[in-house]
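Each chain, written out:
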Amino acid sequence: GAVVSQHPSRVICKSGTSVKIECRSLDFQATTMFWYRQFPKQSLMLMATSNEGSKATYEQGVEKDKFLINHASLTLSTLTVTSAHPEDSSFYICSARRQGNEQFFGPGTRLTVL
Amino acid sequence: AQRVTQPEKLLSVFKGAPVELKCNYSYSGSPELFWYVQYSRQRLQLLLRHISRESIKGFTADLNKGETSFHLKKPFAQEEDSAMYYCALGGSGNTPLVFGKGTRLSVIA
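Same order as they appear, the protein sequences are chains A and B. When the letters of the first sequence are read in order and numbered with my numbering, they come out as residues 1 to 114. When the letters of the second sequence are read in order and numbered with my numbering, they come out as residues 1 to 109.
I should point out that these hints are in silico values taken from the structure, not numbers from a laboratory. Note that this is a predicted model, so its numbers are computed, not measured. Honestly, I wouldn't trust all of these hints.
[What the hints assert, rightly or not] Here are the simulated DSS-like cross-link-like pairs (lysine-lysine), alpha carbons at most 30 Å apart as the crow flies: (1) A/Lys41 to B/Lys9; (2) A/Lys66 to B/Lys101; (3) A/Lys41 to B/Lys101; (4) B/Lys57 to A/Lys41; (5) A/Lys20 to B/Lys22; (6) A/Lys41 to B/Lys15; (7) B/Lys22 to B/Lys57.
[Said to hold, decoys possible] Short, incomplete list of chain B residues facing chain A, as computed with Cβ under 7 Å: (8) Arg43; (9) Leu47; (10) Lys57; (11) Phe59; (12) Leu63; (13) Pro96; (14) Gly102.
All residues carry an ideal CB built from backbone N, CA and C; glycine is no exception.
Start from the sequences and build out the full structure, keeping to the hints where you can.
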């Protein structure tokens, strides 16, 4: 099967610090990965599309300088939340596209900013 | 513009009753539709896709291009079907899936 992992699964940090979240496709190569944010009991909100070897494409309203995305290889994309504030607390989910349009999702990372 | 509409935020049915989760889409091209499910404390996972025309866990969904719908159906709901269900529309190239807002299905014993 197609497995996507995220690390860490949960992180608590102080306001003003930066947090890096990793997303890996474990058994396939993903030229495109996506980062979503999910608030409690709400749907996924697409933040950005990450393409290997190129700059990420951000959705309207998402600050690219705050949410830094790097897609250095076909199996790894990272999301760094810079200078995190309490309002950034959320559930961050990545997904990877393998073939066609099917996307496989990671388990998510719960970020809590104190 | 691509858009997915799931009109019901919450759907409660009794165990053994039929279930229909509604999904309508808006897309000018040839759509590819998916249903994803998220069980409590688990990751989002693919339930079925219209091109497969298969039944997963007793669920089926038929793409109706005339009505631009892709409703998810199951004849007899089970308690373990309780979850969040998301309808998604696929584009082409690197465009991401567009998700509906989801419907929470609650199956009551």
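Do the hints match the structure? See the list:
1. A/Lys41 to B/Lys9: holds, 10 Å
2. A/Lys66 to B/Lys101: The hint holds at about 25 Å.
3. A/Lys41 to B/Lys101: holds, 10 Å
4. B/Lys57 to A/Lys41: Judged against 30 Å, a Cα distance of about 24 Å means the pair holds.
5. A/Lys20 to B/Lys22: Roughly 37 Å separates the two Cα atoms, so the pair is violated.
6. A/Lys41 to B/Lys15: Within the cut-off at roughly 23 Å; holds.
7. B/Lys22 to B/Lys57: holds, 18 Å
8. Arg43: Because about 4 Å separates B/Arg43 from the closest Cβ in chain A, which is inside the 7 Å limit, the hint holds.
9. Leu47: Because about 12 Å separates B/Leu47 from the closest Cβ in chain A, which is outside the 7 Å limit, the hint is violated.
10. Lys57: Violated - the Cβ of B/Lys57 stays beyond 7 Å from chain A, reaching only about 16 Å at its closest.
11. Phe59: violated, 17 Å
12. Leu63: violated, 14 Å
13. Pro96: holds, 5 Å
14. Gly102: holds, 5 Å
In summary, the structure is inconsistent with hints 5, 9, 10, 11, 12 from the numbered list given earlier, while agreeing with the others.
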